[in-house]
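Visitor: Each chain, written out:
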Amino acid sequence: MSLPGTPTTSPTPMDEDIEQTVYVNTEPKRVKVYILENNEWKDTGTGFCIGEVDENKLAYLVVSDEDSPTETLLKSKLEGNIEYQRQEETLIVWKDLGGKDIALSFEESMGCDALCEFIVHVQRNIESNISLVTVKSSDNGLGSVHDIITGPVTLPSNCSEQNGQTLLEALRILNENTSFDFLKNETIEFILQSNYVDTLISHFHKAEEEKIPKDLFLLSNIIKTLILYNQRDILESMVEDDRIMGIVGILEYDTEYPTSKANHRKYLGSKGPNFKEVIPLENEDLKIIMKKCFRLQFLKDVVLVRFLDDHNFNLISEIVMDLETCIIDFLQVGTFLDRLIELYDTDIIPDSSVEREKFVQKRKDGIRLLQQCVQMSINLDAHDRSKFYKTLVRKGLFKVLDYAFHMETDSNVRILATDTIITIIEHDILLIHNVQNENSFKQQHKLAPDDKCSTRSNSQDYNSSTDSKLLLILSTILLTDKSPGLREQVVQALNTLLHPEGCLSNGEGSYDIMSRSNNESKNTSEDFPNFGYGLNSDSINLDNYNYNNEDMNNLDATESESEFQIMEYFTNFYNKIAPILFGRLIKRDATTEMTEMNGKIKKTQKDDLLLIHLVKLVSFICTEHDRVLSRRFILENGILDSVSNLIKGNHILQLRLTAVRCIKNIICLDDKYYHRYMISKNLYAPIFKLFQENIDKNNLANSCIQDFCRIIIMECRIHRDDDHNRRENSNGTCNKSSNITKPNGNNSRTNFTILNKYLVQTYGSILRRATYIPFIQDMLKFGEESQSEHSSLENGLEGENDVSVNIPSDGLASNHLEDIDMKNVKRLHSEIEHFDNDPHYSGDQLAFKKSVDQMNAST
Amino acid sequence: MMDLDKIIASLREGKHIPEETVFRLCLNSQELLMNEGNVAQVDTPVTICGDIHGQLHDLLTLFEKSGGVEKTRYIFLGDFVDRGFYSLESFLLLLCYKLRYPDRVTLIRGNHETRQITKVYGFYDEVVRKYGNSNVWRYCCEVFDYLSLGAIINNSIFCVHGGLSPDMTTLDEIRTIDRKQEVPHEGAMCDLLWSDPEDVDTWSLSPRGAGFLFGKQEVDQFLEKNNVELIARAHQLVMEGYKEMFDGGLVTVWSAPNYCYRCGNVAAVLKIDDDLNREYTIFEAVQAQNEVGNAIIPTKKSQMDYFL
Numbered sequence: 001m002s003l004p005g006t007p008t009t010s011p012t013p014m015d016e017d018i019e020q021t022v023y024v025n026t027e028p029k030r031v032k033v034y035i036l037e038n039n040e041w042k043d044t045g046t047g048f049c050i051g052e053v054d055e056n057k058l059a060y061l062v063v064s065d066e067d068s069p070t071e072t073l074l075k076s077k078l079e080g081n082i083e084y085q086r087q088e089e090t091l092i093v094w095k096d097l098g099g100k101d102i103a104l105s106f107e108e109s110m111g112c113d114a115l116c117e118f119i120v121h122v123q124r125n126i127e128s129n130i131s132l133v134t135v136k137s138s139d140n141g142l143g144s145v146h147d148i149i150t151g152p153v154t155l156p157s158n159c160s161e162q163n164g165q166t167l168l169e170a171l172r173i174l175n176e177n178t179s180f181d182f183l184k185n186e187t188i189e190f191i192l193q194s195n196y197v198d199t200l201i202s203h204f205h206k207a208e209e210e211k212i213p214k215d216l217f218l219l220s221n222i223i224k225t226l227i228l229y230n231q232r233d234i235l236e237s238m239v240e241d242d243r244i245m246g247i248v249g250i251l252e253y254d255t256e257y258p259t260s261k262a263n264h265r266k267y268l269g270s271k272g273p274n275f276k277e278v279i280p281l282e283n284e285d286l287k288i289i290m291k292k293c294f295r296l297q298f299l300k301d302v303v304l305v306r307f308l309d310d311h312n313f314n315l316i317s318e319i320v321m322d323l324e325t326c327i328i329d330f331l332q333v334g335t336f337l338d339r340l341i342e343l344y345d346t347d348i349i350p351d352s353s354v355e356r357e358k359f360v361q362k363r364k365d366g367i368r369l370l371q372q373c374v375q376m377s378i379n380l381d382a383h384d385r386s387k388f389y390k391t392l393v394r395k396g397l398f399k400v401l402d403y404a405f406h407m408e409t410d411s412n413v414r415i416l417a418t419d420t421i422i423t424i425i426e427h428d429i430l431l432i433h434n435v436q437n438e439n440s441f442k443q444q445h446k447l448a449p450d451d452k453c454s455t456r457s458n459s460q461d462y463n464s465s466t467d468s469k470l471l472l473i474l475s476t477i478l479l480t481d482k483s484p485g486l487r488e489q490v491v492q493a494l495n496t497l498l499h500p501e502g503c504l505s506n507g508e509g510s511y512d513i514m515s516r517s518n519n520e521s522k523n524t525s526e527d528f529p530n531f532g533y534g535l536n537s538d539s540i541n542l543d544n545y546n547y548n549n550e551d552m553n554n555l556d557a558t559e560s561e562s563e564f565q566i567m568e569y570f571t572n573f574y575n576k577i578a579p580i581l582f583g584r585l586i587k588r589d590a591t592t593e594m595t596e597m598n599g600k601i602k603k604t605q606k607d608d609l610l611l612i613h614l615v616k617l618v619s620f621i622c623t624e625h626d627r628v629l630s631r632r633f634i635l636e637n638g639i640l641d642s643v644s645n646l647i648k649g650n651h652i653l654q655l656r657l658t659a660v661r662c663i664k665n666i667i668c669l670d671d672k673y674y675h676r677y678m679i680s681k682n683l684y685a686p687i688f689k690l691f692q693e694n695i696d697k698n699n700l701a702n703s704c705i706q707d708f709c710r711i712i713i714m715e716c717r718i719h720r721d722d723d724h725n726r727r728e729n730s731n732g733t734c735n736k737s738s739n740i741t742k743p744n745g746n747n748s749r750t751n752f753t754i755l756n757k758y759l760v761q762t763y764g765s766i767l768r769r770a771t772y773i774p775f776i777q778d779m780l781k782f783g784e785e786s787q788s789e790h791s792s793l794e795n796g797l798e799g800e801n802d803v804s805v806n807i808p809s810d811g812l813a814s815n816h817l818e819d820i821d822m823k824n825v826k827r828l829h830s831e832i833e834h835f836d837n838d839p840h841y842s843g844d845q846l847a848f849k850k851s852v853d854q855m856n857a858s859t
Numbered sequence: 001m002m003d004l005d006k007i008i009a010s011l012r013e014g015k016h017i018p019e020e021t022v023f024r025l026c027l028n029s030q031e032l033l034m035n036e037g038n039v040a041q042v043d044t045p046v047t048i049c050g051d052i053h054g055q056l057h058d059l060l061t062l063f064e065k066s067g068g069v070e071k072t073r074y075i076f077l078g079d080f081v082d083r084g085f086y087s088l089e090s091f092l093l094l095l096c097y098k099l100r101y102p103d104r105v106t107l108i109r110g111n112h113e114t115r116q117i118t119k120v121y122g123f124y125d126e127v128v129r130k131y132g133n134s135n136v137w138r139y140c141c142e143v144f145d146y147l148s149l150g151a152i153i154n155n156s157i158f159c160v161h162g163g164l165s166p167d168m169t170t171l172d173e174i175r176t177i178d179r180k181q182e183v184p185h186e187g188a189m190c191d192l193l194w195s196d197p198e199d200v201d202t203w204s205l206s207p208r209g210a211g212f213l214f215g216k217q218e219v220d221q222f223l224e225k226n227n228v229e230l231i232a233r234a235h236q237l238v239m240e241g242y243k244e245m246f247d248g249g250l251v252t253v254w255s256a257p258n259y260c261y262r263c264g265n266v267a268a269v270l271k272i273d274d275d276l277n278r279e280y281t282i283f284e285a286v287q288a289q290n291e292v293g294n295a296i297i298p299t300k301k302s303q304m305d306y307f308l
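If you read the protein sequences in the order shown, they are chains Y and U. So in the UniProt record's numbering, spot 265 of the first sequence is number 265, and the numbers just go up one at a time. So in the UniProt record's numbering, spot 192 of the second sequence is number 192, and the numbers just go up one at a time.
Hints were generated in silico from the structure; no laboratory data involved. Even for Gly, the Cβ is constructed at its ideal location relative to N, Cα and C. Please note that the accuracy of each hint is not assured.
Stated by the list, open to error - Per label pair, the in silico range of CB-to-CB distance: (1) T480(Y) / E186(U): 49 to 57 Å; (2) Q236(U) / S317(Y): 26 to 34 Å; (3) D607(Y) / D167(U): 18 to 26 Å; (4) N379(Y) / E240(U): 34 to 42 Å; (5) G649(Y) / G68(U): 48 to 56 Å; (6) G649(Y) / D43(U): 24 to 32 Å; (7) V360(Y) / C260(U): 40 to 48 Å; (8) H406(Y) / E186(U): 29 to 37 Å; (9) C260(U) / Q361(Y): 39 to 47 Å.
Unchecked claim - The calculated EDC-like cross-link candidates involving lysine to aspartate or glutamate, where the alpha carbons are at most 16 Å apart (straight line), are: (10) K300(U) / D301(Y); (11) K130(U) / D301(Y); (12) K300(Y) / D125(U); (13) K77(Y) / D96(Y); (14) K482(Y) / E20(U); (15) K300(U) / E252(Y); (16) K266(Y) / E252(Y).
Let the sequences and hints guide you as you build the complete structure.
Guide: Okay, structure coming up:
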């Protein structure tokens, strides 16, 4: 970051060492001299050219004959307002004050360079009115491009007495000077070196006092023009303490709104946003940077919001980001964060009630402060972010969060705390986990902490169970806090924490089951930004994870260890957290359900809003988590029965449809256990009841169920086509069949065929009322077709009595050759790979089957 | 029950609406919007309005110039939020009118009515400035998911924000979408909100990175297949406020004058009478006023207190 007041362009004319170089002549360069006579260039000889400054400080271009060095071919004085043109690489052309046109044609472009430098030198030090311009033919060969290399620069008057005339003139000059880089740079130099802006500000106060609208609008336009110079030092100088009020004051006047005036000064002054120091800052520089940062944002977002173009906007954003990086860096040195987090030590509560109240307020502010710091860090680069968050966690961020969630009752403060967590875990889901581990590791090995802050590390309180502790805290908030906004945030945090992708090591392991089909990879233009938010966040940076592990020597070991940790983490979730989180959906005996259904109509809406979140979470864990783990939990607890129940009439329609979508998502998993379960438990009944209610209506419920039917029939069609192709293949050449056969779990289409048939059989009467929908006709037709077609194949489901399905089973017969390429299956919703074949899980699978058997036996 | 008229008055003055009120408004709107189809049925006479983009004061002018919601039926083609500085007030005002006069206001989803887009183009930022947290933005985004994807006037004029989709070429097909979701990056629902008409021979890639470009042939086919005579859409700035294309088979209506407070364009609304005649009303940006009629300069609200 460069400081205002530091010269950034070429040295000023009166520099001392220049004084010494004035008399130095240049090296001789070989050149041909031409003079224009009667419109024709006449060659007057070849010689060596030097730039010469004599003792009277008069400058000349001198060419001596190469054959007789004492003879001078040309001696031309640099004077007056002569314009030297450098044409292409090797030619310098000018008209001297006597009206003679002269051209020097250099042998080499280096020679031409040297003499051009001389001309620049003379312009800067001796003859300020001469100029040097370059002329080059433009790229298309037609016409030419001029550029000023040096010359006199017209600058605005910096006289302390300004008036409408000088200001108008200044505005014209400032605008004109943007046309060439040379003029622009010289002008920038002038603005930074003189106190031109201060001159303007002092005239502004006068003009405002004397009520001279013309001057006020001119001043405003001048400042805006200066901003359009898009120069970092100018912008930074404008927000300094002694200028900011003047600048925003001037910008209150706007020719676009000639009859009104903004009130930026009032805003910044009295009622303005307060700069609150929750913890006093020791570093004065830091305070200055913070103020600067705020003011630049104020300029960008408020004062100049309608005015800035993309270049200005980006430049200011860039400066702000640099300042923010600087602030975040500063905060991590010294004791600032320690003193902040000390506020949440439980043993320092003041005695008097007044003091206590103050202290409680201070703690609230502290949480706001932390949230702002973390928000500020969002734009930093990933490495700086990780570093900052790790510092926060090491210094005891959890103590603060613990306070927010256990002691603090203000939902607004809790929202900020949740926001802080979300920001950190969305950046790197493992960061908190890893830092905590690192602490407990140190403790276990009695290593010396690397800095004194770590001695107060909270590893004792928050060691290995931090993850589940965080999950538990969030779940509890979701279930108990009534603020709908906080609930939504908490759900977002839970989604991130429970997203298996975030826990992936580096993708090469056998853990592909965890990865989602990524539909976010589509190339997008600037108008359609491609980034994640919330649930779909792709901000989780795997590189960071590797970075976290950089000290580990054995990557493989780390990898399998982290796999184990992930497994443990999710197992722990299903054992300890999920039963609490989904308590409302865990099937209870019939009597409780009845009593709950009766009566409390008044209360339902609020409950329903919570249930919407829970049902969405059910969808989420079913589709995203390890199938065996999640399915066992879902089925053993009768979660889907409850979800199906929610579709019934005594809930708000939003919830009823959310429940339909949950069922829809689970159907799309194409998981035979779910499919059989839902049929055997008759879980589709409420969907068709709802369909019946809306069958002739053009509304969301109708569309939602149409979508449900469409998914099923589309999958059936794919099956039918595959089936068809297969027969074609086996009738034709015979060498195709064996290759893609899969032994288990891929009776995929048949799940939908069975479902379709079941639905047609069970709800045919309702479906037949909806034949205005073309694909429902299809559904009916296909349902009836498949029935007759497959009836000959009818036999038990894999010969096992594992799940009782109350329709004639079909389609799963082993004589059905299965050669459907799984890759061709286009799922409609999020896709999870089956891993039934994975030997790792076969044990689980068996256990699961047993439990389902038991459960079925008991119902 | 909420006093809608009171909230409407506050919104028109650009006053702060408590979070709790916004929540109630959003919840009630959801219930109402759920009753509408993906393609809502609307009767004539009706006035079709294009993009608003948070220009509250121009929205007020729009109502003033076109009869007002007390007397006129309206369809808004989406893009209520982003870019302008009063996205929240503009959107809530339309929701209030919808709640207050359900039969007179139809709201269609635009490509800006999504979580992703509003996070980048201003609405999210505006809410955080006005409330200190993003709750209100979240409530509004939930409502976005319930908005219709199109409307059909007297079975003759199809209204949509962006344009057509190669995936679904009939109104019946559009009705099979479960629209309650964030707008996907591809597929029919995305196309309806993102596509643009252009002089192309067939479906072409859109430079926007979402949706398609479609030409006269696609429009003619759509009109014929669905037995409609006009597609009314918005989504693209038109300096003159409106632009008919393809022999009058499609019209773009744009209702944000001096777009982004600097484009210098005029705005238009399109009135369709009982005989399906089209009548355009043009209007310009006017100086915004506060509650007591004093001119104000549109700007963003500054951020709240800052700490450290």
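Visitor: Now, for every hint given, state plainly whether the structure supports it.
Guide: Hints versus structure:
no., hint, verdict
1, T480(Y) / E186(U): 49 to 57 Å, "40 Å, violated"
2, Q236(U) / S317(Y): 26 to 34 Å, "28 Å, holds"
3, D607(Y) / D167(U): 18 to 26 Å, "38 Å, violated"
4, N379(Y) / E240(U): 34 to 42 Å, "40 Å, holds"
5, G649(Y) / G68(U): 48 to 56 Å, "39 Å, violated"
6, G649(Y) / D43(U): 24 to 32 Å, "31 Å, holds"
7, V360(Y) / C260(U): 40 to 48 Å, "44 Å, holds"
8, H406(Y) / E186(U): 29 to 37 Å, "45 Å, violated"
9, C260(U) / Q361(Y): 39 to 47 Å, "41 Å, holds"
10, K300(U) / D301(Y), "6 Å, holds"
11, K130(U) / D301(Y), "13 Å, holds"
12, K300(Y) / D125(U), "13 Å, holds"
13, K77(Y) / D96(Y), "8 Å, holds"
14, K482(Y) / E20(U), "12 Å, holds"
15, K300(U) / E252(Y), "14 Å, holds"
16, K266(Y) / E252(Y), "11 Å, holds"
Hint compliance for this structure: hints 1, 3, 5, 8 are broken, all remaining hints hold.
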